[in-house]
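Input sequences plus hints: build the corresponding full structure.
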Amino acid sequence: DSGVTQTPKHLITATGQRVTLRCSPRSGDLSVYWYQQSLDQGLQFLIQYYNGEERAKGNILERFSAQQFPDLHSELNLSSLELGDSALYFCASSVVRGRGEQFFGPGTRLTVL
Amino acid sequence: TQLLEQSPQFLSIQEGENLTVYCNSSSVFSSLQWYRQEPGEGPVLLVTVVTGGEVKKLKRLTFQFGDARKDSSLHITAAQPGDTGLYLCAGVESGSEKLVFGKGMKLTVNP
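Line order of the protein sequences matches chains B and U. All residue numbers for the first sequence refer to the numbering used here, where the first residue is 1 and numbers rise by one. All residue numbers for the second sequence refer to the numbering used here, where the first residue is 1 and numbers rise by one.
Treat the hints as calculated values from the structure; they're not laboratory data. Built from N, CA and C at the ideal position, the CB exists for glycine as well. Each hint should be verified, as a subset may be incorrect.
Unchecked claim - Pairs of lysine-lysine residues, derived as DSS-like cross-links and limited to a Cα-Cα distance of at most 27 angstroms, are as follows:
| no. | chain 1 | residue 1 | chain 2 | residue 2 |
| --- | --- | --- | --- | --- |
| 1 | B | K9 | U | K98 |
| 2 | B | K57 | U | K70 |
| 3 | U | K98 | U | K70 |
| 4 | B | K57 | U | K103 |
| 5 | U | K57 | U | K106 |
| 6 | B | K9 | U | K103 |
| 7 | U | K103 | U | K59 |
| 8 | U | K59 | U | K70 |
| 9 | U | K57 | U | K70 |
| 10 | B | K57 | U | K98 |
| 11 | U | K106 | U | K59 |
| 12 | U | K106 | U | K70 |
| 13 | U | K57 | U | K103 |
| 14 | B | K9 | U | K106 |
| 15 | B | K9 | B | K57 |
Stated by the list, open to error - Covered stretches of chain B, as calculated for chain U (at least 3 residues, CB under 8 angstroms):
| no. | stretch |
| --- | --- |
| 16 | 16-23 |
| 17 | 53-65 |
Below is the structure:
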């Protein structure tokens with residue numbers, strides 16, 4: 001158990017809908033990262049937050065957004081969903097200014113029908 | 001273009017065999033990590049290497065960071081079925097905090 005929690009575990013929805021994925025980092029970690037993993041693209045970095053502020057952006061679509069709240073939990077919002085958004089979404093947390101070691105949650109499997 | 005290239009991408013071997021996985025890049029990394037991921041679960045950190053030429057051992061797993069900090073290898077001795085999984089290397093580019101992943105090597109160890 002990495003100490004990172006994610007909910008829900010599975011999510012099935014239809015095209016055009018909007019969903020919210022939730023992540024709670026390890027106790028004491030200020031940084032939260034979101035990743036998308038699909039079979040053909042591997043693990044793709046989406047966005048990083050540090051202590052409530054956006055720190056780095058990766059290959060995140062404009063239809064996707066995220067935020068980190070004062071209690072350090074984070075939410076990833078996916079809107080106008082398309083079939084191609086079906087993937088595993090992982091959250092990770094770390095101590096910034098460390099050696100980049102990240103601890104991953106169990107993931108949310110999103111299926112868009 | 002993938003920043004980190006892993007090879008081989010797939011490997012199926014018998015229990016007891018040895019194997020080596022490679023992770024190569026043209027970029028210099030301030031640190032490099034290896035993760036192992038089982039189907040439907042999140043990656044689990046195995047090791048972090050930070051110094052060029054560094055070698056770390058974790059039971060039957062030996063990790064090496066290249067002298068120029070551009071590549072790494074993972075050697076597994078006497079593989080066991082429990083080693084089955086996706087092995088991912090990930091690097092932090094010098095001057096960055098972003099972790100970039102390779103596509104992984106899917107290992108199957110048959111009993």
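Which of the numbered hints are not met once you compare them with the structure shown? Those not satisfied come down to hint 16.
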